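Got chain A; can you put chain B on it based on the hints?
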Amino acid sequence: MPTANIAGRDIALNDEGFMTEPTQWTEEIGTFLARQIGIDPLTEEHWKVIRFLRSDFDAQGETATLRRVSTVAGIGTKDLYTLFPGKPARKMAYVSGLPKPKGCV
Amino acid sequence: MTTSEGFIAPKFDDDAGRKLAIICSKGTLDMAYPGLIMGNGAVQEGIETHLFYTFWGLDIIRKKTVDKLSLTPVGNTAMRIGSTSLAMPQLLSALPGMSSMASWMMRGKIKGLSVPPVREFLTQIADAGGHLWACRMTVDMMKLTKDDFVDEVEDIINVSEFLDLSRGAQIIFV
Numbered sequence: 001m002p003t004a005n006i007a008g009r010d011i012a013l014n015d016e017g018f019m020t021e022p023t024q025w026t027e028e029i030g031t032f033l034a035r036q037i038g039i040d041p042l043t044e045e046h047w048k049v050i051r052f053l054r055s056d057f058d059a060q061g062e063t064a065t066l067r068r069v070s071t072v073a074g075i076g077t078k079d080l081y082t083l084f085p086g087k088p089a090r091k092m093a094y095v096s097g098l099p100k101p102k103g104c105v
Numbered sequence: 106m107t108t109s110e111g112f113i114a115p116k117f118d119d120d121a122g123r124k125l126a127i128i129c130s131k132g133t134l135d136m137a138y139p140g141l142i143m144g145n146g147a148v149q150e151g152i153e154t155h156l157f158y159t160f161w162g163l164d165i166i167r168k169k170t171v172d173k174l175s176l177t178p179v180g181n182t183a184m185r186i187g188s189t190s191l192a193m194p195q196l197l198s199a200l201p202g203m204s205s206m207a208s209w210m211m212r213g214k215i216k217g218l219s220v221p222p223v224r225e226f227l228t229q230i231a232d233a234g235g236h237l238w239a240c241r242m243t244v245d246m247m248k249l250t251k252d253d254f255v256d257e258v259e260d261i262i263n264v265s266e267f268l269d270l271s272r273g274a275q276i277i278f279v
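Each protein sequence line maps, in turn, to chains A and B.
So that you can map any letter, position 28 of the first sequence is 28 in my numbering, and since no number is skipped, the others follow by simple counting.
So that you can map any letter, position 169 of the second sequence is 274 in my numbering, and since no number is skipped, the others follow by simple counting.
Keep in mind that the hints were calculated from the coordinates and are not lab data.
Accuracy of the hints is not assured; some may be wrong.
Covered by chain A, per the in silico footprint, the following chain B stretches (three or more residues, Cβ under 8 angstroms) [stated by the list, open to error]: (1) 141-149; (2) 209-221; (3) 229-239.
Small disclaimer: the values here were computed from a predicted structure and weren't measured.
Just so it is clear, CB atoms sit at the ideal spot from N, CA and C, and this is done for glycine as well.
Here chain A stands alone, though its shape is the one from the complex (with noise of 0.2 angstroms):
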């Protein structure tokens, strides 16, 4: 199991390089992240998904789907895609220091 030394703390990582321990992410790691795959800066748009996904994780166990995001937290469909391009879904997960989401939809 990998491990990558940032901001100074050693950060257990899965072979695709996705945090395995939700407990260790704080904001600062996740703007590491963020800019390691393109998204710099973070906005306040960014961090309402990351807010929502981390503690939806709390209260749930697992990684919201795009579909609960856009439901529950009520950010749009196309606005995720814009935050997030591409793979939106994975890139969130990545960010917020979560596993991808295990869900289809």
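This is chain B only, laid out in the frame that chain A set:
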């Protein structure tokens, strides 16, 4: 400035340039979903996605039928009673109201999985950049026009246009 050592970032561009075309030829509620789920999933992975509706599949994108798709247990030997292995008796299946009951039950199960109803699913796919097309020949055969379809349908296209836009795509027939 945040620093890092031994850091690897995931590859989010591994599907760049990938294309998927799904031909949807069936208009029952159960057969509407494979195309929608796969199409939506593909769009979410950044894959250029085209859904081509033909023949009975046109019911999925017609304003008059999109909310009324149904399925029947008649002749469907895979239809079981609940989660048992008992097949639904065919004579029972043919009773009045059985198709609406089966459709109602399936809608409930789909909703329980937080999967959107068909109309909403089409909007979600189009909003995400997926493309919806209707088949010229069957549209003419059924005497329909562009106005008969939900707004997300981009155009009515013929086979050669479909082949043009699906050049280099992986094609799935449902």
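Assertion that chain A covers the stretch 141-149 of chain B - criterion: three or more residues, beta-carbon distance below 8 angstroms: holds (count 4)
Proximity test - 8 angstroms, beta-carbon atoms, the stretch 209-221 of chain B to chain A, at least three hits: Coverage by chain A holds here, the residue count being 4 at a Cβ distance below 8 angstroms.
Per-stretch coverage check for the stretch 229-239 of chain B, three Cβ contacts closer than 8 angstroms to chain A: Contact hint for the stretch 229-239 of chain B vs chain A: holds, 4 residues under 8 angstroms.
In the structure shown, no violation is registered for any of the earlier numbered hints.
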